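Respectively, the protein sequence lines represent chains A and B. Throughout the first sequence, residue numbering follows the working numbering, covering 4 to 413 in sequence. Throughout the second sequence, residue numbering follows the working numbering, covering 2 to 560 in sequence.
Hints are computed from structural coordinates only; laboratory data are not their basis. It should be emphasised that the depicted structure is a prediction, and the values quoted were computed from it without experimental measurement. Treat each hint with caution, since some may be false.
Claimed, not checked - Listed below are the simulated SDA-like cross-link pairs for lysine to any residue, each with C-alpha atoms no more than 20 Å apart in a straight line: (1) K96/A / P34/B; (2) K260/A / E275/B; (3) K215/A / T403/A; (4) K260/A / P34/B.
What the hints assert, rightly or not - Partial pick of chain B residues on the chain A-facing surface, computed with a CB cut under 8 Å: (5) P118; (6) S119; (7) P128; (8) T131; (9) R135; (10) P136; (11) D138; (12) L230; (13) D244; (14) S248; (15) K346; (16) T386; (17) S463; (18) V514; (19) N521.
Unchecked claim - From the derived model, a few chain B residues whose C-beta atoms are all more than 12 Å from chain A: (20) L43; (21) A44; (22) V68; (23) F90; (24) L185; (25) I225; (26) L268; (27) P507.
For glycine and all other residues, C-beta sits at the position ideal for the given N, C-alpha and C.
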Amino acid sequence: MNLRPILAAALSACLTSALSAPAFAEPDPANWEAVLAEAKGQTVYWNAWGGSTQINDYIAWVGDTLRERHDVRLVHVKLEDTATAVATVVAEKAAGRETGGSIDLIWINGENFASLKRQSLLFSPGWATSLPNWAFVDVENKPTITTDFTIPTEGLESPWGMAKLVFFHDSARTQTASMPKSAAELLQWAAANPGRFSYPQPPDFVGSSFLKQVLAETVTDPSVLQQPVESVDFAAVTAPLFAYLDQLHPHLWRQAKAFPKDYPSMSQLLADGELEITFAFNPAEASNQIAGGLLPDTIRSFTFPGGTLSNTHFVAIPFNANAKAGALVVADFLLSPEAQARKQDPGVWGDPTVLAMDKLNEADRAAFDALDLGIATLAPAELGPALAEPHPSWMTMLETEWAKRYGVAN
Amino acid sequence: MLRFAPTFAIAILCLPLLAGTAGTLLPAFGYLPAIGGDRLTLAPFAALLAEPGLFRSALTALATGLVSTFLSVAIVALFVCGWYGTRTFATLQHLVAPLLAVPHAAAAFALAFMIAPSGFVARLLSPWATGWDRPPDLLIVNDAMGLALVAGLVVKEVPFLLLVTLAAIPQSPVMAALPLVRSLGHGRTLGLLLAVWPGLYRQIRLAVFAVIAYATSNVDMAVILGPTLPPTLPVRLVGWMNDADLSRRFVACAGALVQIGVTAVALLLWIILERLTAAIGSAIADRGLRGQRERAVRFASGVAMALAATVVFGGLALLALWSVAGLWSFPDAWPQSLTIRTWEKSLPSVAAPLANTLSIAGLSTVLSVIIVLACLQRENETGRTGGNRALLLVYLPLLVPQIGFLFGLQLLLVSGGWDASLGALVLVHMVFVLPYVFLSLTAPWRAFDRRYEAIAIGLGASPSRVFWAIRLPMMLRAVLVATAVGFAVSVGQYLPTLLVGAGRFPTITTEAVALGAGGNRRVIGVYAFLQLALPFLAFAVASAVPALLFRNRRAIQAA
């Protein structure tokens, strides 16, 4: 393992900074006992999207557990959009609040992470790789853990869960075998079944991801997506995508004169029978909704054999967080086999783990093996290849261009 | 003491507003050094104008706001003039008044659940009448014209205007005028419209302006019911303000100025409309039209009033049903199973938001009412009302789109380290609560017959005794209505609570909106019910206390 030199470097860096600025000692995850001691009694304000009750309940469980074990009080600040948290950190920077910030932890990835990293508004240096539970993380086989939308994470954010784009349909109405196997087939399907497909309105995260999925399938040279959008001919690269959307939109739900707000809204529309095919960034989403009695147990999953988008979601600590030690304790607990196994249970949330099974001890591995992933969840082998996320600048440009073309449909 | 009340009130209204507005105005012209804007430029406006569909967004905000206000005022005017004093009026009044307590977001959800293609109306009629075994692909909610939004605004503003009108009626005796217009051979609707409504309208005019300002700049209803391609201007402003790309804030601030313009244009158009209506009224009176064949008009106004109540209460009952529903597929009109699971899971997390809501709303409302009473009493003693300038100050928080000055305010509070404190939250809520309390209370207060006070003073009572023994008891109903309005306003606040509270003071409303985004109808049901219960209690108190206290004083109760 080449972790040790990094650890040593981080340690010495911390020591030097601690020596040079003793009045401004930051918690050092390498000295975990000290972190735990400092975290005792702290209140951690965790800004996280609050649109899903299952996820909210899971976060509440994390809070209860941490209060019991480490005397850390966790407050879930429920956001509609993670960009709000980014905006808050920036506003605090603007107002000159270098310490005692109002956010201790953010659920984050992609463009929001890129934005905070670019502006040096994150707790640094790389604390995430020094967490005790980092040892279990599947760095080797899950490249998105170290590269978030092409941006190196450099330990500035700690992985929490894996996401992969998966489609759902109701097998009581249609055969799984007849479901489209690519974006191109999806277009044909939509034309044959008008009004039964849609996607969340960009800039919704999942909606924009659908655009990127189609882009990844229609682009001639996928490698250009890994570069910043400024360095390529955006119009030429995206021409097939927008030609696709032009053809698709007349066949969409409400003839594309309105779009679902987000993916939970699509689940509701699927339950109502308005939509026939929906999708989410969580392979166990349908099983979770079935367990919660929100969807009928005839819902099934499918993906594209050619691959679908896949990424990792993280937690990060702002540079001016008030309870950094507490935030570190939360981030570490989120990585624990116990918390990760519970998260992967479709009865709780169903979000796939970031841990490597072969790094766990037997008891922990057994806990994962014992999970019933649910009737509507595909086995990992059936999930198909993972497509890499484009550079975050693509998302921004796609959203702008989408708004220009389709934002004034009426 | 009283001497400083007006200054104090102005400080509370204006200091946050001025700081906040500066925080909006300067970035609108490119000045916000913290994010790299260090010189004045018109670039943000150029970027704003380049936004696709900007004109359309501004136009829908303007049109939905004006049309909904016109419909609301018309319904209230026709209903009051057509039905006041009848048993139907009393019944409908009791049915509609509680609607005021329904927060905007909850009312919007209620309406959506009724009229959506998968909503209750479609379920009731399917499949036997419509043949639908799946919801039809119809654009009803989020329609391009904003009709659903107009409907939502109307069902929400009609109760507000009706209640404000009722509070003003004791100063414009409708029942006394009725025999007069009858003796002149008028139908009651037209007769009262000509004889009494102008006086009533003068008293509720401020409330109507507030409705226009809200309707043209609201976010919470527009985001649920309004058009989405593009959304109304205020909804887009919130999006830009929260964009992770900070340069969008310049555009958002420029847009906030445009929004102020949109609201101003709406008010201007309304004033023209007022003149027009007055001219039409005079013409009708001059021509001696009696309007005796009024059955259709009376019927329509009664039905509109009843419909507003039915739709919202039906929708809220539906929300309650969703909160205990298991699987509930289309086109079933009743869930396949009932379960208290959603409540069980939600209740533990409700306690803290509930406590926050109660303390913030309670404190900000009580403080606001005390300040407003002190100001009005001071005005009473000096005889100076502060004129139009004072009025404009009271109005500003209701005219400036919240998001516009809240950002600047947030910056100020953060730099002082006062954000995320209960004190700051109460103060910011007061910025919005105080004007509504003031607007609800001023007109009835000024219309009070001062001869009562003259008599008391003639009998040797001190000014403070006159206030406590004469003025306050006679005004109790108006004071309590104003308190309930203030409480409801505070409970319904979303953006100020989120921004200034830094999310650390979640209230029922912030939780409801955050959850509402997820579209989980069952949880929306739980929170909408709670959102409803709080202000409802306040209004129940506002109507019960005077009735109880003055049960042997008929003139005070009914007037």
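A quick look at each hint next to the structure:
{"no.": "1", "hint": "K96/A / P34/B", "result": "holds (11 Å)"}
{"no.": "2", "hint": "K260/A / E275/B", "result": "violated (36 Å)"}
{"no.": "3", "hint": "K215/A / T403/A", "result": "holds (13 Å)"}
{"no.": "4", "hint": "K260/A / P34/B", "result": "violated (40 Å)"}
{"no.": "5", "hint": "P118", "result": "holds (7 Å)"}
{"no.": "6", "hint": "S119", "result": "holds (4 Å)"}
{"no.": "7", "hint": "P128", "result": "violated (12 Å)"}
{"no.": "8", "hint": "T131", "result": "violated (14 Å)"}
{"no.": "9", "hint": "R135", "result": "holds (4 Å)"}
{"no.": "10", "hint": "P136", "result": "holds (5 Å)"}
{"no.": "11", "hint": "D138", "result": "holds (4 Å)"}
{"no.": "12", "hint": "L230", "result": "holds (4 Å)"}
{"no.": "13", "hint": "D244", "result": "holds (6 Å)"}
{"no.": "14", "hint": "S248", "result": "violated (11 Å)"}
{"no.": "15", "hint": "K346", "result": "holds (6 Å)"}
{"no.": "16", "hint": "T386", "result": "violated (39 Å)"}
{"no.": "17", "hint": "S463", "result": "violated (50 Å)"}
{"no.": "18", "hint": "V514", "result": "holds (7 Å)"}
{"no.": "19", "hint": "N521", "result": "holds (6 Å)"}
{"no.": "20", "hint": "L43", "result": "holds (21 Å)"}
{"no.": "21", "hint": "A44", "result": "holds (17 Å)"}
{"no.": "22", "hint": "V68", "result": "holds (17 Å)"}
{"no.": "23", "hint": "F90", "result": "holds (39 Å)"}
{"no.": "24", "hint": "L185", "result": "holds (50 Å)"}
{"no.": "25", "hint": "I225", "result": "violated (9 Å)"}
{"no.": "26", "hint": "L268", "result": "holds (26 Å)"}
{"no.": "27", "hint": "P507", "result": "violated (7 Å)"}
In this structure, the earlier hints numbered 2, 4, 7, 8, 14, 16, 17, 25, 27 are contradicted, and the remaining ones agree with it.
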